[in-house]
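Note that the protein sequences, when read in sequence, are chains A and B.
Everything in the first sequence is counted per our numbering, starting at 235 for the first residue and increasing by one.
Everything in the second sequence is counted per our numbering, starting at 104 for the first residue and increasing by one.
A few of these clues could be false.
What the hints assert, rightly or not - Here's a subset of chain A near chain B, in silico, CB distances under 10 angstroms, partners left out:
hint, residue
1, GLU427
2, PRO430
3, CYS514
4, ARG532
5, ARG534
6, PRO536
7, VAL590
8, GLN625
9, GLN681
10, GLU683
11, CYS811
Stated by the list, open to error - Calculated cross-link-like contacts (lysine-lysine; reagent style BS3-like; alpha-carbon spacing at most 25 angstroms):
hint, chain 1, residue 1, chain 2, residue 2
12, B, LYS234, A, LYS666
13, A, LYS306, B, LYS234
14, A, LYS324, A, LYS310
Keep in mind that the hints were calculated from the coordinates and are not lab data.
A virtual CB, placed ideally from N, CA and C, is assigned to each residue, including glycine.
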Amino acid sequence: MSSSGKGMTITVGEGSCGIAAGAREIRELLVQRFPEAEFRTVSCLGMCHQEPMVEIANSDGKSYLWGQVNKKNLPKIVRFHRGETEIPEKNFIRSSEQPATDKAQYLQRQHRIALRNVGHLDPTSLDQARARGGYSAITRILQGGMSPEDVIEQAKISNLRGRGGAGFPTATKWGFARGAPGYPKYLICNGDEGDPGAFMDRSLLEGDPHTVLEGMLIAAYAIGASKGYAYIRAEYPLAVDYFGRALVAARQAGLLGDNILGSGFSFDIKIKEGAGAFVCGEETALMASIEGQRGMPRIRPPFPAIEGLFGKPTIINNVETLANLAWIINNGGAAYAAIGTEKSKGTKVFALAGAVARGGLVEVPMGMTVRQVIYDIGGGSASGRPLKGVQLGGPSGGCIPEALFDTLIEYEAINATGAIMGSGGMVVLDSKSCMVDIARYFLEFTQLESCGKCTFCRLGTLRMKELLNKICAGEGTMADIEALERLAPQVKEASLCGLGQTAPNPVLTTLKYFRDEYIAHVEEKRCPGGVCKALITHAIDQSVCTGCSICERYCPVNCITGEKQKGHTWVIDQSVCINCGMCAEVCNPEAVKVQ
Amino acid sequence: MSKESLEAKESLEATVDPALVRKWIEEIGSDSSAAVPLLQAIQREYRYLPRPAMDLVVNQTDITASQLFGVATFYAQFRLKPVGRHLIKVCHGTACHVSGADRVDTALHQILGITDPGEDTASNGSYTVEKVACIGCCSLAPVMLVGDEAVPHLKGADAQRFLQKHARKNQELLPGERKEAGEAIQ
């Protein structure tokens, strides 16, 4: 084995998560150890819990995937590749030689269509994208004589539904715009992923921009659009950068711009950076934003497909929807429709996070159960504490309890629980989460993000938030819970757009499934999750305390006192304590108890 | 310690270069759809929206003052107040919220000596702490961004330790720092 790395290929995952976890530093260290190896940079493979990840292929072709690599364990991995030590099991995920570990289940249980290239190529390389089949679908369409109607037909057969949340059939939407008079027509890629807890659009734009770009070409051809916008959150700088580079490369290769591939079809794309407004995920608000206005929705009809951006027919498709299109053209709509349940076809990408052991990006066939995603792929609870529910669909979605984990992943089944598929945020909650606090958290978010146009959304969400604050502060009454239940349907009905129409969902679902927690807050003045500051106390268990005094150092209000090294002397002054919980976090023997 | 780091916050106000603003208008456009990208260009340069730059846009384009101010106050990205020399964004996405983003916030405000709830910048102009909705690194929760650097899996105490190191490296003073805490870092 060459110790200089000659003949080796080292691939480092450098998506946003990987970089945040220290991937660049690891790559630099590997360059020092193996100066002659060939280095490749790829985007995130979606195993965020294993970041930073490195794949090292020896000169003999044997390759190994390593996870959670850091400065401390890197030397062991290096020695292994020099043939000096046994395999470091702790970081080992899979290899071309050994049977895959349990950790690799995470990938093996998935079915990747939209994410098919993410983590496997350098997102800045058009050549690598083409080597993995990039632009073969648009070539087939333009040079193989497929008409726009043929493309719409394939989308119709595939039964692809909008992945942004609402689940409207993509082909139907396209059909409206195709038939609408007006020139030019616009195609917009909606990458304004504003839901807290969702990052699938970021990963796609960052990890495989050419697939999204090709999806835009296909959609534009289907509806007859000549101008496109990619509306991407400014908070995703890497996504904006890589998508911008993809545009330049595609233009140079004749895949974008005038007379694409000599077919006479012309289409070009501009990037618009979203400036941070959740409501701009709504179609008409997004268009207002591109027009330079405040992102406020307007009444539909007229629908954007008839009268959209600058008054012209416009289609807005979500990033994930677009990422499925090339696959559908290449494999046929029927192949896509063969996956999934009767009404929900294909796959869905979820951002799995929260109290789960293996979080990250997960693409699964429709019809899998929530339980399979959380346990088989996600590995169950991270802390060992029992899981009590999962939040689906972000601020527009809801919380479903553990008892309903066998719900199928399909639009209808999830809607029946009161949650929504949404864009695919899946935040797992364990027994240390407070469901009232979760409801309050989302209401605070939607209330801040309400554009203020509709009274019930502007003020109704504020009143709901006030009621929830009151309950979390231990000042709530049963009448407050009834008031929430009265107000929620009114906000839903009297709001113009999806933001207000769905804002009460987190409250309604938690009231439905976790009512006992609300009652505990109101009647017993107790927070079962130990989260709501007004209802908990922090106290030191002196029989466990070692007197190390670290809590004293980090207490922001100086309310902890005692004698060093004398555990039995330490107390928290309850009249000053703000229950921030910093002491409990730093206490090694876990002597700080929350009650 | 550099003299600069001891200066008061007033010095954070930017001096606007009119030629730059004119250049952006030429590049981006002067019709009403240019409002958002123009504000983004201004903020990219000055890290907030200085009033003189906004006045120049209003005077030299078709964008009205009410549209420009309306847009500037609608979107979360824009800020009208100067920002500290270093910007910290604390993620308050769902995953970060349930895993303790609040404690990170409390810890940062404490070490920066920011007590007024309406204030987000330390009195010496060193750091600004902003809440952001979600930066999409949910598996690393709770997370903060210090400049461009993401700092994952934070406890409140980790956030303070990181900031102490960062401050030493950048020759900044932390107004709320306690001496004992400083000793414990070594």
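Evaluated hints:
1. Because the beta carbon of GLU427 (chain A) sits about 7 angstroms from the nearest beta carbon in chain B, less than 10 angstroms, this interface hint is met.
2. Because the beta carbon of PRO430 (chain A) sits about 4 angstroms from the nearest beta carbon in chain B, less than 10 angstroms, this interface hint is met.
3. This hint holds: CYS514 (chain A) has a C-beta 8 angstroms from the nearest C-beta of chain B, less than the 10 angstroms allowed.
4. Because the closest C-beta pair between ARG532 (chain A) and chain B is about 15 angstroms apart, greater than 10 angstroms, the hint is violated.
5. With its C-beta approaching chain B no nearer than about 21 angstroms, ARG534 (chain A) sits outside the 10 angstroms limit, and its interface hint is violated.
6. Nearest Cβ of chain B to the Cβ of PRO536 (chain A): about 20 angstroms, over the 10 angstroms cut. The hint is violated.
7. Because the closest C-beta pair between VAL590 (chain A) and chain B is about 9 angstroms apart, less than 10 angstroms, the hint holds.
8. Interface restraint check: GLN625 (chain A) against chain B, minimum CB-CB distance 6 angstroms, threshold 10 angstroms, status holds.
9. Hint on GLN681 (chain A) is violated. Least Cβ distance to chain B is approximately 13 angstroms, over the 10 angstroms limit.
10. For GLU683 (chain A), the interface hint holds, the least distance from its beta-carbon to any beta-carbon of chain B being 8 angstroms, beneath 10 angstroms.
11. Proximity of CYS811 (chain A) to chain B is violated relative to the hint, the smallest CB-CB distance being about 12 angstroms (cut-off 10 angstroms).
12. Taking the CA atoms of LYS234 (chain B) and LYS666 (chain A), the gap is about 23 angstroms. The hint holds against a cut of 25 angstroms.
13. Of the pairs offered as hints, the one joining LYS306 (chain A) and LYS234 (chain B) is violated, with about 33 angstroms between alpha carbons and a cut-off of 25 angstroms exceeded.
14. This hinted pair checks out: LYS324 (chain A) and LYS310 (chain A) have alpha carbons roughly 10 angstroms apart, not beyond 25 angstroms.
Hint violations for this structure: numbers 4, 5, 6, 9, 11, 13, all remaining hints satisfied.
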